[in-house]
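Undergrad: Listed below, chain by chain, are the residues.
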Amino acid sequence: MNWEVVIGLETHVELATKTKIFCSCTTAFGGDPNTHVCPVCTGMPGSLPVMNKKVLEYAAKASLALNCDVTQYCKFDRKNYFYPDLPKAYQVSQLYLPIGRNGKVPIQVGSEEKVIRIHELHMEEDAGKLVHDNWIDQTRADYNRCGVPLIEIVTEPDFRSGDEVIAYLEKLRSTLEYLGVSDCKMQEGSLRCDVNLSVRPQGSTELGTRTEMKNLNSFKAISRAIAYEARRQEELIEMDHKRVIQETRRWDDNKDATISMRSKENAQDYRYFPEPDIPPMELTDSYLDSLRASMPEMAPAKRERYQREWGLSEKDAALLTDTRAMAAYFEDTVAAGAAPKQASDWIQGEVLRELKEKSLDIKQVVFAPEALAHLIDLVRQGKLNRNTAVKVFRAVFDDNGDIDAYVKAHGLEQVNDTGLVEQVVSDVLAANPQSVADYKAGKKKASGFLMGQCMKALKGKGDPKVVSQTLNKKLAEL
Amino acid sequence: MSLLDYSALELGRLIAADEVSVREATRTALDAIAAANSDNNAFITVLEEDALREAEQVQAKLRAGELSGPLAGVPAAIKDNICTLGVKTTCASKILGDFKPPYQATVMERLQRAGSVNLGKLNMDEFAMGSTTETSFYGPTKNPWNLGHVPGGSSGGAAAAVANRECWYALGSDTGGSIRQPASYCGVTGMKPTYGTVSRYGLIAYASSLDQIGPLARSAEDCAAVLDLIMGKDPRDGTSLEAPCGHLLENLSADLTGKKIGIPVDCFGDGLDPEVRAAVLSVADVLKERGAEIEEFRLPIMEYVVPTYYIIAAAEASSNLSRFDGVKYGWRAENYEDLTDLYNKTRTEGFGNEVKRRILLGTFVLSTGYYDAYYNKALQVKAVIKNAFDDAFSKYDLILMPVAPTTAPKLGESLSNPLQMYLSDIYTVSVNLAGLPGLSMPCGLDKNGLPIGAQLIGPALGEQKVLDAAYAYQQDTNYHQKTPVGGAKE
Amino acid sequence: MKITTELVDYVSVLSRLKLPEEEKVKMAGELEQIIGYMDILNRLDTSDIEPMSHTFPVKNVLREDVVEDFGGRAALLSNAPAHDDTAFLVPKTVD
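Chains as they are written, first to last, in my numbering: chain S, 1 to 478; chain X, 1001 to 1490; chain W, 2001 to 2095.
Check the hints yourself; a few may be wrong.
[Unchecked claim] Only part of the chain X face toward chain S is listed, based on derived beta-carbon distances under 8 Å:
{"no.": "1", "residue": "1083"}
{"no.": "2", "residue": "1086"}
{"no.": "3", "residue": "1097"}
{"no.": "4", "residue": "1103"}
{"no.": "5", "residue": "1205"}
{"no.": "6", "residue": "1208"}
{"no.": "7", "residue": "1232"}
{"no.": "8", "residue": "1235"}
{"no.": "9", "residue": "1237"}
{"no.": "10", "residue": "1238"}
{"no.": "11", "residue": "1246"}
{"no.": "12", "residue": "1247"}
{"no.": "13", "residue": "1319"}
{"no.": "14", "residue": "1322"}
{"no.": "15", "residue": "1323"}
{"no.": "16", "residue": "1367"}
Bear in mind the hints are in silico, worked out from the structure with no lab data behind them. None of the values given here were measured: they were computed from a predicted structure. Backbone N, C-alpha and C define an ideal beta-carbon position, used for all residues, glycine too.
Please put together the full structure from these sequences, using the hints given.
TA: Structure follows, in structure tokens:
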């Protein structure tokens, strides 16, 4: 039988605010256990939550960017359950009036375009971290993460493949990163994903019984978990003639399999009700207009513009718009006078290499786009050759050093003195009779060696074009 | 005459004039508490050393001219559900154990800033759930007017301490009548201000949408002075209101000319003790003398207020009290097998019966299948109740009604029938549901010599109107100055 | 409505309370009485009425996103029945 896989996603995204959603504790990642806490986020009796203005702003922006209907009068609700990572024994979340509903996210897989529907987007607080200590056979509860603001984005069951899921998550990540509402770092848990998956015979319109997979902390894990779980369900039905049980399954990266989580001993009945401690929030038309006006140009628009205005290839445009910071670096370099194609080449070549070698994020780069533009300009003017320019780039990259001063101090200006070049070429030819003979005998490779010798004699500062022309001319004359 | 025979404001004036030292006042109160507490059990914690040290500090500030308010140097006592930094705060529950809050409630900061001295923490019904102060893990408080009777609740310790002249004023909390009803049973003046006017930051929540801190004192005038200290917007409480505050005392006026006072006939029918009825109605006569117009009207919501209140209060309580699980603070059961067992044992052994009943009730009304029929329905009826009051206040400046159907019952009579006990809250809970200011003041004694209270209710933020009427009444009567005659058992 | 001991069990599990058998029966009776009384509310037609979760029309009470360090880890941990220098301690939660 041919099976169709049906997937819906619940994605939790940590918002990039400085403080927690309901108290003024820092949201900084890490920190010694229970050092980013206060009476509010540890659920001390008598403490009260006060909503962070930025959380509302970021959640509203995300809702708008994901084409949701924004709930202009929204509220928080309490979700009640006992667990030691939840100090109040309720999570403040939104059930009845989530901030965003009915969103749409267009995605592209290969040449196929598709729209993923967002069921809802709501704000909530994160829970703490539990770490078991085998030595003392006790679990430590660390509340640093309690109250870190999250948005949960719930899709309709619109995905039919793992590739669609990845394309959606890439789109989501890019959108939220561009908005500046989240870092979307999976390794730090700022983007987490639960996958609801069921299978059904091709052509069927009924939904099968679904399982929910948790603990998916990379795109790779998500792809593999989807493939595994779809196959597991198909085989369960087809080979074993069993039914899929609605349950939560944990993805185990080491075993490459999903594992049933022991079903919770107690019934799930969260007894949601409106949070009495937090007054409702009204998002007026003018507030939403101001948010719309403050939204940056998003990646798809930039990609289109880079190709249309600056003639970049689709691939280059995609790479340069991967993050908002990368696009900003590129655009700043162009704005400082560099030709877009040159700026693109330099960023994708030299800048990315430095980032990779030094494990840096583009946001951490101190080397100014203006300096990069200047360097590109020096090459264009013929004052530096490309190889020397790369050397200069590497020398000044870390501290945004003065390019002109460095070039001067190291005597790196390109040699354009044709008399000198002719002299050097003649000397090289005279010193390497064997290579000259090889060249004459048809071994064209020999010219490469001779070119190298010439450049070496010029200490790398020769204009390769001029040197090559001179060398070819002299070889022909021999 | 003992210093304790002065009102809070009178003591404040003596201290300001340096005729009485803060230490002297504090010492006098501590001695009175020591003499009475074994009989009436009004206090859970007495802060002997802390209070005397605080008294010296306040005195120094007074001498340095850093304090000038009318209550500077006047000691107070605090209900034990208000968090006091480093001072045991129990909610009269076993489950909080020796919990010492790592922070100060906003009202405590405000009192401290005004030069108050904290004498100790007052007994109450466990987690403020009860109408008699008999559900306290620390034993019941007894009514100073007759030790065989309850003081009311849940702020029973506060009412008893003020009535018995162990302190000049106290802070209580009122979720469904917990200030007004014990004030009525103990013959003191107590006020629940408009929801949101006093910060709840540091008040251990029972029902968040209804809880409000307020004063119990000897007179409306003293209550006004205390409210001036504690009211005001607090950035740490999202439900606190931006509203003018701090001028109740200076604006206090006994002239009620042109004020319209409504008497809801629905509150004077069946179930109301005839002595209480007569005493409350006689208040109207006094107010009329002072220029008020009195009119009867219908408030056709009274049969719905108790169920609505108990559904909402229990629902919120079931959630608010979930945090007491033996992990972060308070008491933890011994000999548990695993996490679930730890939760079950700690909570089952740590909470008393009334608290457990309300947690189960609240869990029920929020659970799948019952939410709409009970909780959501109650939120709709709450809107109806609020509208009924809005209508009334479009015609009247104030509403006059009883506080409780009877005077203080005997100890041990109430807890056996929970529903009956809930029904006795009929006159107080609607004020919390509608968020309004309500005041209870003494207006007579019954044939057994127990105090009767009358309730004045104002529109939202109408504290001045309420206090003015009570102040006017207390100009012409002396019920508020009466003291318990003996305290001997019947 | 009839409040069975099964229903009491259900809400007890959700509330993490475990009543002894004899208390359970008593509790079921009391709750039945109380809940039965609450059915008075059904006399009132509220079909057109918006549920009122917040009494006053206060809205948008928001704070600025500025970090304040509370600092006192020791003070926060000190009330815990079981804790070490850095964390609250609980029985094993995961397998």
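Undergrad: Against chain S, is residue 1235 of chain X within 8 Å by beta-carbon distance?
TA: Where the cut-off is 8 Å and the nearest Cβ of chain S is about 7 Å from residue 1235 of chain X, the hint holds.
Undergrad: Against chain S, with CB atoms and a cut of 8 Å, does the hint on residue 1237 of chain X hold up?
TA: holds, 5 Å
Undergrad: Would you check whether residue 1319 of chain X satisfies its interface hint, that is, whether its CB is within less than 8 Å of any CB in chain S?
TA: Given a least distance of 5 Å, the restraint on residue 1319 of chain X holds.
Undergrad: So, residue 1083 of chain X near chain S? Judge it on the closest CB pair being under 8 Å.
TA: Constraint on residue 1083 of chain X satisfied, holds at 4 Å.
Undergrad: Given a cut of 8 Å on the nearest C-beta pair, is the interface hint for residue 1246 of chain X held or broken against chain S?
TA: Violated, because the Cβ-Cβ distance from residue 1246 of chain X to chain S comes to roughly 22 Å (cut-off 8 Å).
Undergrad: Does the interface hint hold: is residue 1322 of chain X within less than 8 Å of chain S, judged Cβ to Cβ?
TA: holds, 3 Å
Undergrad: Was the hint right that residue 1103 of chain X lines chain S, CB cutoff 8 Å?
TA: Holds, about 5 Å.
Undergrad: Holds or violated: is the Cβ of residue 1205 of chain X closer than 8 Å to a Cβ in chain S?
TA: holds, 7 Å
Undergrad: Is the hint on residue 1208 of chain X kept, meaning its closest Cβ partner in chain S is under 8 Å away?
TA: holds, 4 Å
Undergrad: So, residue 1086 of chain X near chain S? Judge it on the closest CB pair being under 8 Å.
TA: Since the shortest Cβ distance to chain S is 13 Å, the answer is violated.
Undergrad: Taking the closest Cβ pair, is residue 1367 of chain X under 8 Å from chain S?
TA: holds, 5 Å
Undergrad: Hold the hint about residue 1232 of chain X up to the distance rule: shortest CB distance to chain S must be less than 8 Å.
TA: Violated, about 15 Å.
This entry does not satisfy hints 2, 3, 7, 11 and 12, going by the numbered hints stated previously.
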